[in-house]
Every structure is written in C-alpha cells, then in structure tokens.
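Colleague: The task is simple: from the sequences and hints, build the whole structure.
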Amino acid sequence: MSTPLLSARDVNVRFGITRPGDMPWTKPRRLHAVNGVSFDIMPGQTLGVVGESGCGKSTLARALIRTVPATGQVIWEGREDLLALSPRKMLAYRSDIQMIFQDPLASLNPRMTLGQIISEPLRTHRPDLSRDEVRTRVARIMDRVGLLPQMINRYPHEFSGGQCQRIGIARALAVEPKLLICDEPVSALDVSIQAQVVELLQELQRDLNLAILFIAHDLSVVKHISDEVMVLYLGRVMEAAPKERLYTDPQHPYTQALMSAVPVPDPKIERTKTIIPLSGDLPSPMSPPSGCVFRTRCPRAQADCAETVPAPGTDVHRCACLHPGPLSAEEVA
Amino acid sequence: MVANQHKMEALADRLSEEDPVAGRSLWADARRRFFANRAAVAGLGILLVVALFAAFGGLIAQWSNEELDYAVMGAIATEGAPSLSNGHYFGTDDLGRDLFARTVQGTQVSLMVGLVGALVAVVVGTIYGATAGYVGGRVDSVMMRAVDILMAIPYMFVLILILVMYGRSMTALFVGLGLISWLEMSRIVRGQTLSLKNREFIEAARATGVPAVTIIRRHVVPNLLGVIAVYATLLVPLMILTESFISFLGLGVQEPLTSLGALISEGAGTIAYGTIWQLGFPLLFFCLTLFGFFFVGDGLRDALDPKDR
Ligand SMILES: Nc1ncnc2c1ncn2[C@@H]1O[C@H](COP(=O)(O)OP(=O)(O)OP(=O)(O)O)[C@@H](O)[C@H]1O
Ligand code: SF4
Ligand SMILES: [Mg+2]
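Residue numbers (this note's numbering), protein chains in the order written: chain Y, 1 to 333; chain V, 1001 to 1309.
Think of the hints as simulated: they come from the structure by calculation, not from any bench. Hints are supplied without guarantee of correctness; some may be wrong.
To be verified - Capping the alpha-carbon separation at 25 Å, the derived lysine to aspartate or glutamate pairs in DMTMM-like fashion look like this:
no. : chain 1 : residue 1 : chain 2 : residue 2
1   : Y       : Lys223    : Y       : Asp207
2   : Y       : Lys89     : V       : Glu1203
3   : Y       : Lys223    : Y       : Glu52
4   : Y       : Lys178    : V       : Glu1203
5   : V       : Lys1197   : Y       : Asp96
6   : V       : Lys1197   : Y       : Glu77
7   : V       : Lys1197   : V       : Glu1255
8   : Y       : Lys27     : V       : Asp1140
9   : V       : Lys1197   : Y       : Asp103
10  : Y       : Lys243    : Y       : Glu77
Stated by the list, open to error - Going by beta-carbon spacing under 8 Å, a handful of chain Y positions derived as facing chain V:
no. : residue
11  : Ile65
12  : Thr67
13  : Asp103
14  : Ser107
15  : Asn109
16  : Pro110
17  : Glu120
The model shown is predicted, which means the values in this text are computed figures rather than measured ones. Idealized CB from N, CA, C, for every residue including glycine.
Modeller: See the structure below:
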C-alpha cells in the first residue's frame, strides 16, 4: 500500500472557555472539541467527514491547517509531523493544504476585487512570479472553475453564492495544493447549485489528482464524492469505513440513525424505509456523557456503555461501539 | 439543461460586456449614498465654505489681525461696528483689532486643533486597537486595561493641569488633546477587529500563511476604514469643543494667537457694552463648523452602514 498523503493520529483539540464574569485567575472550563481522531487520506482520494452541527468537524479541519492549537500527530506524506513544525517551517506546507469554507461570501474580503482575492495565496507563496505570470495563472484558474475573465475587477458582493464558492475554489487551487479541505462547501447553496459545485470539485479532483477532505452534516451529500467516510459525534470517531461498506453495512447505531434520514430516490424503497428517530438532544460538549458519548441517545445502550469508552480500533471498518451490528428486527419496528 | 442555460448566460454576459468591467466597490456604493443625502451634502458645502474662509480670508481682510485701529479706539461700540467703509467687515474687537482677520485666524486655529486631534486619534487609536484586537489574549487584556485606566482619569482635569504646568502653548494643547483623543477610538477599533477576526476571510488568509502584519494591513484595516472615517469626522467637532471650553476658561491658546473659543469668550465678556458682533461672528463660524462636521459624520455613517435602512 502506498503512503498516505496525510495521516492524522490521535488528534485532540481542547478549548478553554472563559465566561465574561470570570475572574482572571479562575481556571477556564475545558471543551474537548476533537477527541482522539485518527484517519488517513490517500493521494487523489476523498474522505468524507459527517456529523451533526457542533460535533467538531470544522475544528478538526482547523487543527489540520493549524489555526487552532491541537495535540497529536498529523503526518504529511509519511515524513513530517505538521503539528510539531515551527510556524516558519509550516509555511512551506500551507500551499499544499488549502481550504474552502462553509459561507462562500463571508470567506471573501468585501474590499478586495476577485483578482486580488484569487491571487493572494499566489503572491504569498510565489513571490518569485512576475505580475504578468500571476495574472495568467489567475486567468487560467478562473477559466478552470467557470468564472468569466471580465469579472476580474468585480467585488464579492456582486456575485451569487455559487459564484462566490467558485471564487473560493479558484483561490484555493491557484497554488496547486495536494489536499483540499472543503468545510461544508455546499450547505449554504441552493440544491441545484450544490450539484454543480460538487460536480466541479469532482472534475477538478480527477484532473489535478487532488485529495479532498469533504465535511458535511449529513450522509447524502458525501455519498457521491467520498471514497471513505468517517462519522463523528461529540468530537469522537463513531464509525469509519470505505464508502461501500459504510453505506451497505453500517455497524454503529448512530450511523444507522443518520442513514435512515438519507432520502432514497426510489419511492418504493422510500416508503418501506424506516426512520430511526434520534431521541433526546445533543448533550453539551462541555460535559459529555461518561463511557460511550452516544449512550444518552442510543437505542441499544446497556449498563456497560456508561462505564467503558468504546475504542474504534484500527480495522479498515472502524466502529466505536460495544454492541456493534446491523439493525436488529425490534429496532426497525 | 442546467449546463446549457449556464452557457447561454455566459454568452449573454460576454456579449453585453466585452471588456473587464470595473466592479462597483463598496466605496463607490457608499459615495453614491452619501451624495444622495441632502443633509450630508449641505454639511460638506458648509465645511467647504468654512475651509475657504480659513484659507483665503486673510487675502480679503483689509487689516492684519495684530494692528490696532486707533480711529475706532475709545468708541468701539459706535465706531467699531461692522462696516464696509472702514474695512472692518466684522467690526473690531475690544482693543480695536479687526475682527474679520481675528475670526479667520481663530477658525484656522480651531480647525487645526480639531484635525490634529482627530489625526492623532486615527493613527494611534487604529494601530493600538487593531493590534490589541488581532493579537488577542493576554496582550489584548493588558493593552485594554491600560486604556481603561487612562479613561478613568478625568481628562479635563489633566488637560488643565498640563496647561498650567507647562505654560499655555499650542504644543502643550496638542499634546494634551492628542493624549486623550485616541482612547475611545482604540476601543472602537479593537471591538470591530475582534468581530472581524472571526470572519472566514481572515481565517482563509491565516490558513494560507499570510503574515499577521499583512493581514492587519490588507484585511483588517480596510474593513475598519468606514468606522474610522465616521468616528474621526465626529471627533473633530468634539476636539474643537474641548479646545473652546478650555479657551473659555482662559487656559487655551495664548495671545496674540486666538481660537474661535477664545473669541467667543472675549465676545461674551464685552456683550454688556452693546458690541454684539464680537460674540456673533465667532459664534456663527463656530456653529457652522460644528454642524458641518456633524452632518458629514452622520451622512458617512448612513452611507457606510446601509443595514440601518
Ligand atoms: N474558538 C473556539 N473557542 C471555544 N469553543 C469553540 C471554538 N470553536 C469551536 N468551539 C466549540 O467546539 C465545538 C465544535 O465546533 P465546530 O465548529 O467544530 O463544529 P462543527 O461540527 O463544524 O459544526 P457546524 O456543522 O455547525 O459547522 C462546538 O461546541 C463549538 O462551540
Ligand atoms: S457503545 Fe453502547 S451506547 Fe455506545 S453506541 Fe454502542 S451500544 Fe450505543
Ligand atoms: Mg463547521
């Protein structure tokens, strides 16, 4: 097997939460936003990351690009631990990992023209390029993502959401990264535009041999684009497997619940399909349940679930559950 | 189908606009809204008149601001009244000096005080506030506590103390006003920077590895300029008012220099002798200046923050 482009091992992110009224010496409360997450991304492949809002997906992405402090290891091409690099050394890898964001308009500086926005990473990482070379590269990438050349002097607020996301993609790809992190890139877009943007990403991935970390909050969006899917809950990995395995044979009750919410195009299946409702609310990430974090909402929870923290293991198909298995008859009923 | 439609639209776009179009920047939008605001335009007009008066009034004046007109001395209330024939367009002051020339001089000084005060506030306050807000954490706490402490000191008291201790000079006045003017500005800028810092485009720049100084210069400050411009235009009249108050107390600029505040003070002192013009003309220019700045400041605020409408 080839070496992964990026392999994360036991990544943890903890935030210190200080409330406005706190005295300077009171200890901040800990929020464990990402808890022992490990995964590999192969060159040119896509890892889908799925989980409810607030489960730490964006924080995981930020940990990889080091805009939040994280512990653990993020090994790049089997050589360098990105989390251990000095900020100066890290700079060299920042052009290899680029990110596009959830809110397309908010990710573009309203005071800069499209040309200035797209060329910023180039100007940062390739100061050796002349202005003309930068201009040709910007023009080429704009054409590649479907933006018209005469738009170059326009400002972000003059564009639609879908076009703004194309600008974000162009900015990310201008420096020819190897890994593209897409943090819910289509959640803010209309359904018809969503398909266009996902299609564009897939096309670019094929042509440029891009690896993609694709974040979404439901399983249906990542289904087309992913090679492997990882399900997160309260900062922990619940289940991770190659796409086929996960969609046909989910083992974890949380994945099964998420799966039941995925709409099926065939109306016959749709009617016979069972919806497993997730009972109860998401627990506060400040005080997660003991043992298995999912136990407060798990239909299969038993006494031992409150004591032992299930480990996901290291198989191809990882599942952090003490009682894994396909949906049983009484659960469906 | 969708792709086809996309292509059609692209084609239509291409046909209608051959050349790269200059985009409408947010600034251009704001300019349009500003000039659509009648009060703001009137304010701008007033300020223009006051500025022209301060800059070129000296050329029209028949007398210098220091000469004493011995012809009117002793009978100021009758002979010193505004008149075109003897060249005292605004009359004379108590000592027989030409009030037109004095008002020109006073307007110059007051405008300078206001503009210099605001300039110090803009430069120091922006750099200080943006740094505190962007760096955050402990640095931010320390920097903003320092501002809190400085703000807790009654500034008028300090200003008066400085003027009494170091003599009543222009320099002391500028230093005193400069010291206090940037505090509020740095707070405002820091607050805005904090909210900007969490915006995704700043995160995008950080993720790409743009250096912090460049982020502040390229991404933070341009997005603060609106707030800074509004606050600075509103700060100018406040500085003028502060200076006038100090001059009114007799601690401001020293003779032979004068300011609108000092002239108003003198005019108010002699009003019992029936020389109403000695109060009226300085007061007129004082009010015009203040109104002008307030109107323009309000106009800028509305123009730059279209969410309110
Ligand atoms: N800078 C921060 N300081 C403190 N807590 C944070 C910070 N950023 C995120 N959190 C907390 O960490 C948890 C995970 O947040 P995160 O943004 O990663 O969620 P998410 O899965 O991306 O959600 P969404 O789908 O809404 O984007 C949340 O509880 C959030 O409140
Ligand atoms: S460990 Fe227990 S509570 Fe957690 S998912 Fe499995 S069965 Fe449910
Ligand atoms: Mg998120």
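Colleague: Determine for every hint whether it applies to the structure shown.
Modeller: Quick rundown of the hints versus the structure:
1. Y/Lys223 to Y/Asp207: It holds: about 20 Å lies between the C-alpha atoms, which stays within 25 Å.
2. Y/Lys89 to V/Glu1203: Answer holds: Y/Lys89 to V/Glu1203 is near 19 Å, not above 25 Å.
3. Y/Lys223 to Y/Glu52: Measuring from Cα to Cα gives roughly 16 Å; hence the hint holds.
4. Y/Lys178 to V/Glu1203: 20 Å, holds
5. V/Lys1197 to Y/Asp96: 24 Å, holds
6. V/Lys1197 to Y/Glu77: 32 Å, violated
7. V/Lys1197 to V/Glu1255: Answer violated: V/Lys1197 to V/Glu1255 is near 49 Å, above 25 Å.
8. Y/Lys27 to V/Asp1140: 19 Å, holds
9. V/Lys1197 to Y/Asp103: Roughly 15 Å between the alpha carbons, so the hint for V/Lys1197 and Y/Asp103 holds.
10. Y/Lys243 to Y/Glu77: With a Cα-Cα distance of about 23 Å, the restraint between Y/Lys243 and Y/Glu77 holds, given a limit of 25 Å.
11. Ile65: 5 Å, holds
12. Thr67: 5 Å, holds
13. Asp103: It holds, given that the least Cβ distance between Y/Asp103 and chain V is near 6 Å, below 8 Å.
14. Ser107: 4 Å, holds
15. Asn109: 5 Å, holds
16. Pro110: Because about 6 Å separates Y/Pro110 from the closest Cβ in chain V, which is inside the 8 Å limit, the hint holds.
17. Glu120: 7 Å, holds
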